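Construct all of the structure, not just a fragment, from the sequences and the given hints.
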Amino acid sequence: MNVKIDTEGAFGSALVTLEAGEKFVSEAGAMYRASPNMEISVESRKKKDEGMWGALKSGIKAMFAGESFFLSTYTPNDGQAGEVGLAPTHQGEVRSVKVGPEVWICSGGSYLGSSGGITLDTQYQGLTKGMFSKEGLVFVQASGEGDLLVNGFGRISSIDVSGGITVDNGHLIAFTEGLEYTISKAGGGWISSMMSGEGLVMKFSGQGKVLVQSHDPSRLGGVLGPLLPPREG
Amino acid sequence: MKYNIVSAPSYSLVELSLNEGESVIVEPGSMAWMDTTIKPKTEMKGGFFAGIKRKFGGESFFLNTYTAEGGSGNIGIAPGYSGDIIVRELNNETLYMERGAYLCHVGNIETSATWEGFSGMFAEGMFGLRVSGTGLLFFGSYGDVQEVEVDGSYTVDNGYAVAWEENLDYSIGRSGRSIRSFLFGDQLICRYHGSGKLWIQTRSPRNLAAWVHPFRRVKSKND
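In order, the protein sequences belong to chains D and E. For the first sequence, the positions run 1 to 233 when the numbering used here is used. For the second sequence, the positions run 234 to 456 when the numbering used here is used.
Quick caveat, the hints were computed from the structure, so don't treat them as lab data. Check before you lean on any hint, since a few could be wrong.
DSBU-like cross-link-like pairs, simulated, lysine-lysine; straight-line CA separation at most 35 Å [stated by the list, open to error]:
1. E:286 <-> E:274
2. E:235 <-> E:272
3. D:98 <-> D:203
4. D:4 <-> E:235
5. E:430 <-> E:274
6. E:235 <-> E:430
7. E:235 <-> E:286
8. E:452 <-> E:286
9. D:209 <-> D:98
10. E:274 <-> D:23
11. E:430 <-> D:98
12. E:430 <-> D:4
Computed from a predicted model, the values in this text were never measured in an experiment.
Structure below.
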C-alpha cells in the first residue's frame, strides 16, 4: 500500500495504491478516480458480530459524527495492484497520519479515509461535552495499524502537546488518544466569552499530538447561508 | 506570444504577452486585466450556428478576441472558479471537454457542442464541448487537475472528468452490483475506454453547493 498526497495548498487529494488483497475505506463519495480493477462497494459502518441492529446503530452514530451514513470500501478484484483517488469537499490540505501504536481520534467532518487494518469506532463525548461541541456529538476513533487520511479546511498544522493547548472547536481535526480534554469557554465569564466570538474551546492536557485546521468550515457556511434564498424546511 | 501560468494549482491565472498584431480568443467574463494596447472585439465566431452550438456546449454564444494593436501588451485571463489551468498544444487534434472547462486559445481552434446522448444527461448535461484544430488551448476546472494516461479503461466519479482525447469513449454506470449500492450509494460513475489522455479535477462544485445547503435559512410563512 502506498499513499501519495498531491499538491500543497487549496486542493489536496490522496492517491492510494493497493496491492492485491489490500483494502481501503473512505467516507462515501470521497472517490473521484479509480483504476478499472477497483471493486467499489458501499457499506454501513458495521462490526462483524453486531448484526443488523448493530449496523443500524453504528450508522446512526456515524451520521451524528458529521459523516455520511455509509462508507465506501475499495479492493482490487483481479489479483493486480490498483489505485483509488480520494478528495474532500472543501478547499484545503489532505494529510496522512500513522495509526499504531498511537490511536487517533478524529472530528466527524475531518475523516477522509483509512486503510483496511484500521478499526473505526464512533465515540460519544458525553452529554454535556457533546452538546456544546460544534463538531458533532461523536468523534471517530481510529485504532489498529495503518494510514489514516484527514482533510482540513485550509492549512493543516500539527502541534506537539506537552503540558496543554487550547483549540477552538471548529478548528480541531484530530488528536492522539491519551490527551485529556475539557470543553469550556474561551476565558472570563460567559458574557465576555460570547462577546469575544470564540464561543467554546477544547482544552487539552497531557502528552500527545493535535492536528488543527487554519479555517473553520462552519464559519464559511454561516457567511454563505444567509446570502442564499431560504430553503424549504 | 509568451504565456505564464501563475499561482497554480490553487488560484491559476494565465498571463499572455502578445506581440503587435497577435490575438487571443477568450471565453467571455474570463479577462481579468489587460494593457491599454489590447483591444477587445466581440463576435459570433464561425457565424450564428456555430454560436448556437457553442451555447449548447455550455460556453458562450459570443467569443471575445483580444488583439495587441499599436504595440505589444499583456493580458491576464482566469476562469470563474479557483483551480488549475492546463495548457495543451493542439496539432490538428480534437479534445472533448465538460461544459465550462474551456478558457481561451491562440491559433486556429474551433469549439462546438457535441451531443453526448442520454448517458451524458447523468454526467454534466446532454451536451459536451468539442475543441479541435491547431493552436494553443487553455482549459481548467475547480480544484487540482490531474492527467491520467488511459490504456484500456479508467473510472472517474460523475462530474469529475474535465477533458479527454478523442480516442477515449465513456459510458455511465453504477459502482458495484450490490442492491445496497443501488439503493443508497450515490455513486454514478463514468468509465472511460480506449487509449489516450484524460484530465480529472479534484473538487466538485456540486458537492460544495450540497454542503452549503443546510446553512441556508429555512423558509418561513412570511417569505
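Going down the list of hints, with the structure as the test:
1. For the proposed pair residue 286 (chain E) and residue 274 (chain E), the alpha carbon gap of about 20 Å is at most 35 Å, so the pair holds.
2. As the CA atoms of residue 235 (chain E) and residue 272 (chain E) are separated by approximately 18 Å, the hinted pair is consistent with the 35 Å bound.
3. Under the criterion of a C-alpha separation no larger than 35 Å, the hint pairing residue 98 (chain D) with residue 203 (chain D) is consistent with the structure, at around 24 Å.
4. With a C-alpha separation of about 33 Å, the suggested pairing of residue 4 (chain D) with residue 235 (chain E) holds against the 35 Å cut-off.
5. Note on residue 430 (chain E) and residue 274 (chain E): the hinted pairing holds, with a Cα-Cα distance of about 34 Å set against a maximum of 35 Å.
6. Between residue 235 (chain E) and residue 430 (chain E) the alpha-carbon distance is near 25 Å, which keeps this suggested pair within the 35 Å criterion.
7. This hinted pair checks out: residue 235 (chain E) and residue 286 (chain E) have alpha carbons roughly 30 Å apart, not beyond 35 Å.
8. Only pairs whose Cα atoms come within 35 Å are accepted, and residue 452 (chain E) paired with residue 286 (chain E) is rejected, the gap being roughly 39 Å.
9. Simply put, residue 209 (chain D) and residue 98 (chain D) have alpha-carbon atoms about 12 Å apart, close enough for the 35 Å limit, and the pair holds.
10. Simply put, residue 274 (chain E) and residue 23 (chain D) have alpha-carbon atoms about 56 Å apart, too far for the 35 Å limit, and the pair is violated.
11. At roughly 34 Å between alpha-carbon atoms, residue 430 (chain E) and residue 98 (chain D) fall within 35 Å of each other, so this suggested pair holds.
12. Our distance criterion of 35 Å between C-alpha atoms is met by residue 430 (chain E) and residue 4 (chain D), whose separation comes to about 21 Å.
Hints 8 and 10 from the list above are not met by this structure, while the remaining hints are.
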